[in-house]
Amino acid sequence: MNAFGLIVGIATLLIIGLGFPLVIQGERRFGYLWWPYMLGIGVLIIGVSLFVPVDWLSVVIGAIGATFVWGSTELKEQAIRAEVGWFPFNANKIKPPFEAIIQKWKAPHL
Amino acid sequence: MEINPLGLISAVIAFLSIWIGHVSVRKIEAITVALWKPMAILIALGLALEYAALSIPNRPLATVLGILGVTLLWDAFEVKRQADRIRKGHAPANPDNPRHAAMLAEPNSRATTLNILNRDPIGRMVDPEEAVRLITSH
Numbered sequence: 001m002n003a004f005g006l007i008v009g010i011a012t013l014l015i016i017g018l019g020f021p022l023v024i025q026g027e028r029r030f031g032y033l034w035w036p037y038m039l040g041i042g043v044l045i046i047g048v049s050l051f052v053p054v055d056w057l058s059v060v061i062g063a064i065g066a067t068f069v070w071g072s073t074e075l076k077e078q079a080i081r082a083e084v085g086w087f088p089f090n091a092n093k094i095k096p097p098f099e100a101i102i103q104k105w106k107a108p109h110l
Numbered sequence: 001m002e003i004n005p006l007g008l009i010s011a012v013i014a015f016l017s018i019w020i021g022h023v024s025v026r027k028i029e030a031i032t033v034a035l036w037k038p039m040a041i042l043i044a045l046g047l048a049l050e051y052a053a054l055s056i057p058n059r060p061l062a063t064v065l066g067i068l069g070v071t072l073l074w075d076a077f078e079v080k081r082q083a084d085r086i087r088k089g090h091a092p093a094n095p096d097n098p099r100h101a102a103m104l105a106e107p108n109s110r111a112t113t114l115n116i117l118n119r120d121p122i123g124r125m126v127d128p129e130e131a132v133r134l135i136t137s138h
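Those sequence lines, one after another, are chains B and E.
Our numbering applies: residue 1 is where the first sequence begins, and numbers increase by one.
Our numbering applies: residue 1 is where the second sequence begins, and numbers increase by one.
Be aware that a few hints might be false.
Below 20 Å or equal to it, Euclidean Cα-Cα: the simulated SDA-like pairs (lysine to any residue) are [what the hints assert, rightly or not]:
{"#": "1", "chain 1": "E", "residue 1": "Lys88", "chain 2": "B", "residue 2": "Glu77"}
{"#": "2", "chain 1": "B", "residue 1": "Lys93", "chain 2": "E", "residue 2": "Asp120"}
{"#": "3", "chain 1": "B", "residue 1": "Lys95", "chain 2": "E", "residue 2": "Met125"}
{"#": "4", "chain 1": "B", "residue 1": "Lys106", "chain 2": "E", "residue 2": "Lys88"}
{"#": "5", "chain 1": "E", "residue 1": "Lys37", "chain 2": "E", "residue 2": "Thr113"}
In short, the hints are calculated from the structure, not lab data.
Only a predicted model underlies this, so the values are computations on that prediction, with no experimental measurement involved.
Here chain E stands alone, though its shape is the one from the complex (with noise of 0.2 Å):
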């Protein structure tokens, strides 16, 4: 039987893209005052990317460009929402960046610094008091 290697190299890109996507996204966010602006290089650049796997026949390259084309199209979206994470508390705010410092200051914000995800689960509810505690007391 012959080894198809298509599905192989889809989910190496797919893996990858999604990785390098969710990384870079939550940095560019933190760094960036005018989102407006990565996300139209986003939008470019997975247009592009598109483009490309429109416009090569070689089948492995033109699954590697249409994948990595999309995942770059939805990294466009997730800054914005990255920047609702951040608002909601649900990401650590940069408090060198003006538009963090802003949703840091406004009146009952739910914005914090802290990485409320960075520990291990405990295996119950924990209040916000406690949720606190549990990344900052070691």
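Bound conformation, chain B alone (with noise of 0.2 Å):
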């Protein structure tokens, strides 16, 4: 028996279900043009991953990356989501630094 691989399981799923309120309440507070930046944070904590030797937090840490890359091409869909009234809609977001060159970009969304 070895249980390593049920309890990263389980600790992803955990990990992963911390990404609902990660999107909802970022999208609320920062808006959906901060995708660039989190699928940037996503990458480079996937990145820090790779130095961690202990394996069960280097995969809570790869986890917690993937979350972070998903949650950027969520962000687009949530912030319809508060337009229709599905969710809070706040009107006084937090702008992201380069806004006008990242509303050019298409935000992902898989």
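Combine the two chains into a complex, taking the hints into account.
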């Protein structure tokens, strides 16, 4: 018996679950145009996991990174969910640096 | 310093399984009449992968199986949640599916064949009529 896979599986599920409030709150406070930053943070976190020698901790950090990367692809739809009233809408969002440039990019959605 | 690939492996398998699960759940729910069938298959597959993860001594492989297994178990639950989204009109109904057709035909039904989310955000709230206009007018 090797419980490692099962335990990290459950841990990953819980971490992915944290992605729901991350996307909801992130979009509400900051707006979907922060998606490149969220994507970058996710990639950076996954990069950090490569240098963590403790296996379970490396997995946890990798899963947190994946949650940020996935979250960056969910921000645009979440913005529309708020616009149509399925979630509270906040008109006073904190604008991202280089907003005008990001607006020209197509926000990812999978 | 030695590189530990386990975090990257978990990230890749978590991302891919969420992505594939996300797309498949929507598709499966849209074409299935009896939802318990895909749900039972997903639960059985998820449990089988967790059992395999417990039995395999190889850590990277056990990690992949462990993560894939729990996402399949979650997908079983998501099939049910997707049906609730259809009923509320939060995801488009498939009129060719008798289960969805019945939802569309219910009195005061909120179900719709339109995908309300299929547009770019405009930065302000919209009422239900405008929400429809924004996805149908172009």
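Hints, verified against the model:
For the hint linking Lys88(E) to Glu77(B), the alpha-carbon distance of about 16 Å falls within 20 Å, and the restraint holds. With a CA separation close to 17 Å, the supplied pair Lys93(B) and Asp120(E) stays within the 20 Å bound. This hinted pair checks out: Lys95(B) and Met125(E) have alpha carbons roughly 18 Å apart, not beyond 20 Å. Restraint check: the Cα-Cα separation between Lys106(B) and Lys88(E) comes to about 28 Å, which exceeds 20 Å; the hinted pair is violated.
Annotation: proposed proximity of Lys37(E) to Thr113(E) is violated, straight-line Cα distance about 24 Å (limit 20 Å).
In summary, the numbered hints that this structure violates are 4 and 5.
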